[in-house]
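J.: So you can see what is in the structure, the chains are spelled out below.
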Amino acid sequence: MFRNLAQLVRYRGLIQSLVARELKARYRGSVLGFFWSFINPLLLLLIYSFVFTVVLPNRPADLEPFALFMFCGILPWTWFSSSLLEASNVLISGGNLIKKVLFPAEVLPIVTVLANLVHFLLGLPILVGFLVYYQRPLSPLELACFPLVVLVQLILTLGLALIVSALTVHFRDIRDILSNLMTLWFFSTPIIYPMSMLPPRGRQVLNLNPFTHLAVSYQEILFYPGPFGHWKWLLATGLAATGLFLAGYFLFDRLRDSFAEEV
Amino acid sequence: MLAIEATDVTKIYRRYGRRHHFATLKSALLTGSLIRDLRAEERFAAVDNVSFSVRAGTTFGIVGRNGSGKSTMLKLVAGITKPTRGSVTVTGRISALIELGAGFHPEISGRENVFINGIMLGLSKREIMRRFDEIVEFAEVRDFIDAPVKTYSSGMYVRLGFAVAIHVDPDVLLVDEVLAVGDQSFTHKCLDKFAEFKRRGKTILLVTHSLELVERFCDEALWLDAGRIRATGDPRRVVGAYITDVAKSEERQLAADDAKARGEAVRAEESGASAEAPGEQPAEPPEVPPDMFKAGEGRWGSREAEITAVEIVGEDGVPGHVFHAGDRVSVRVRFAAREVVSDFVFGIGLFNAEGVCCYGTNTEIEGFEAERLEGEGEAVFTIEHLDLVDGTYKVDVAIHRRDGYPYDYHRLLHSFRVKSPAKDVGIYRPRHSWRFSPEAKLSVARKDPGESPD
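These protein sequence lines map, in sequence, to chains A and B. Each residue of the first sequence is one higher than the last, beginning at 5 in this note's numbering. Each residue of the second sequence is one higher than the last, beginning at 552 in this note's numbering.
Just so you know, not all the hints are guaranteed correct.
To be verified - Within a straight-line C-alpha distance of at most 20 Å, the following computed PhoX-like cross-link-like pairs (lysine-lysine) qualify:
#1 A:Lys-28 <-> B:Lys-676
#2 B:Lys-701 <-> B:Lys-811
#3 B:Lys-799 <-> B:Lys-811
#4 B:Lys-970 <-> B:Lys-945
#5 A:Lys-28 <-> B:Lys-701
#6 B:Lys-945 <-> B:Lys-799
#7 B:Lys-799 <-> B:Lys-970
#8 A:Lys-103 <-> B:Lys-633
Stated by the list, open to error - Per the computed footprint, the stretches of chain A lying under chain B, defined by three or more beta-carbons under 8 Å from a beta-carbon of chain B, are:
#9 104-115
#10 229-241
#11 254-267
None of these hints come from the bench; they were simulated from the model. C-beta: ideal position from N, C-alpha, C; glycine also.
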């Protein structure tokens, strides 16, 4: 397993060009092309702002501007959920590669996660624009932690993507279950509501959700003034994510030989 | 030095059981069969205990029928699938021409696809850059290289895939029946490329149905049958043995088809007869097709004289269904006359698979005067020299009156196959030869593979 993991480094050129291909292919043929990476999150933000400021306007005062608060969570969530949804299909749609070419299968889910990471990064300028517009107080020390949060999320997403992609080959139902599961997960994460709104019992439950700590970390760094107090939780999540990644890779490696026959 | 060494390789695939199809994660978890379902219940060995080795610099061919495990073997050598038991060792860089252009993404340009495909096959960006022009030249897609590959014709697609794979400059090239694609000139180009590979001392493993290619190119051949090795060694010997075996199984197939056709004819006749007054012989046979040549297969007639058996026999006198062009072949018609018949004609017709009458004759046309037919006996029609091209032929056999009233007519109920090494076209092959004046210089490119040694 670790030998295979080390081999991944050799494939970085391949991963790099496949990510580039993925991005190029996605917007090929559309008029706005790469701008969709900016426009999509912007539109999403507009919809949520409309719903929560016009339709449902009751909120605690420390959450103003609410659109910005939500955006801090939705942007990384989009990366997370589209990665997993795409990963559930990636081995099956890439079946040709796995069956006919000597090809390291784990490259496919990894490419999916990385391509969505690029979309996430392209959405950041919108977020920065809002931060500047609302003149949010940002401390450089907190911002320095931002890449760390992204890294933890990357490891977590990769681990889950490996598990999901490998299992879907054997159980196609996962594709259908997953989209509902992701909706449930979305509402079980403090993204469109703050952690502080919950009773203590609810908070305990949500603390078991790894994405809670990612969302809260993003919010503390970008939205709330004051120190980044959630770093302990983030580190714990990072450790858990690393464990999950290794477990996911182990599972993927064990099922690897069955892919060529099952897809 | 060995380039490929396969030792006791067995690859077991799972046959999909009905249960497995409907297995879901939920049911698997509920019934606790998650692990059990991942184990196979019904297995079959696609490759069964196969060992062979290929010396570096030689060309090795694998032949065999569809489903004999050739492609699985190739995938095992390529490392795409792992053997269930045994081991495969390959020395040097491999490139597999299994599915060409498998990694192409339809939305992006040919140029980008060449790069990505090259990287997938193990080249570095710099190496591809160096070979890029050569690749595009070889694939003959210069004008379209910047268009997305979804706009390519299937030929262009495959050519580009082939070009990339072959320019990986492998030490070991695995080829799976890819020459079937592309036009003549591209096929020649590929063959030239293979020849060049050979000259440069590279190893080629070739899986193909083109036996001619195996005989021409390979230094050694392997014949797989149902996953097992049937023969290995000198390509001409292996191919010869393979051809003989294919002929035998075609023989069985044709015999089964004939039996089925005759069975159906009898059933059709019986149901037709029972519709008439039973027990009474109808004066005129019930369903004589107005135009015999256009009629489908079947059997009809009043049966005053009956054809009890038809055998097609070769030179050895043994009834068979597969013959070589040029053989001496006889159609042996056994008859039984229920009463003494004085007005009778034996007729024979040969038809090819498209239903074209290749030859037809009868005893009256050839000037025989019918006198009497009684009891059981046989009439033998002998073709001294079977001058037909490769293909399947059907035979009409009949006994009828001079005015055409049929006693027993077997329409297209008997068939045989003519095997010919030459792929000449048409129906009839006249016995012929070529002669050239000195200005036309020719040499014999290939010996007749039909005359393979045993």
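J.: Each hint: holds or not?
T.: Hint check results:
Of the supplied pair hints, the one linking A:Lys-28 and B:Lys-676 holds, its CA atoms being roughly 18 Å apart against a limit of 20 Å. A C-alpha spacing of about 47 Å is found between B:Lys-701 and B:Lys-811, which places the hinted pair above 20 Å, so the restraint is violated. For the proposed pair B:Lys-799 and B:Lys-811, the alpha carbon gap of about 18 Å is at most 20 Å, so the pair holds. Taking the CA atoms of B:Lys-970 and B:Lys-945, the gap is near 14 Å; set against the 20 Å cutoff, the hint holds.
At roughly 14 Å between alpha-carbon atoms, A:Lys-28 and B:Lys-701 fall within 20 Å of each other, so this suggested pair holds. The straight-line distance between the Cα atoms of B:Lys-945 and B:Lys-799 is roughly 18 Å, inside the 20 Å bound, and the hint therefore holds. Note on B:Lys-799 and B:Lys-970: the hinted pairing holds, with a Cα-Cα distance of about 12 Å set against a maximum of 20 Å. At most 20 Å may separate the alpha-carbon atoms for a hinted pair to count; A:Lys-103 and B:Lys-633 meet this at roughly 12 Å.
Remark: the segment 104-115 of chain A is confirmed as covered by chain B, as 4 of its residues place a Cβ nearer than 8 Å to a Cβ of that chain, reaching the required three. For the segment 229-241 of chain A, the stated coverage by chain B is violated: 0 residues have a C-beta nearer than 8 Å to a C-beta of that chain, whereas at least 3 were required. Counting residues of the segment 254-267 of chain A whose CB falls under 8 Å from any CB of chain B gives 4; the rule of at least 3 is met.
Checked against the numbered hints above, the structure breaks hints 2, 10 and satisfies the rest.
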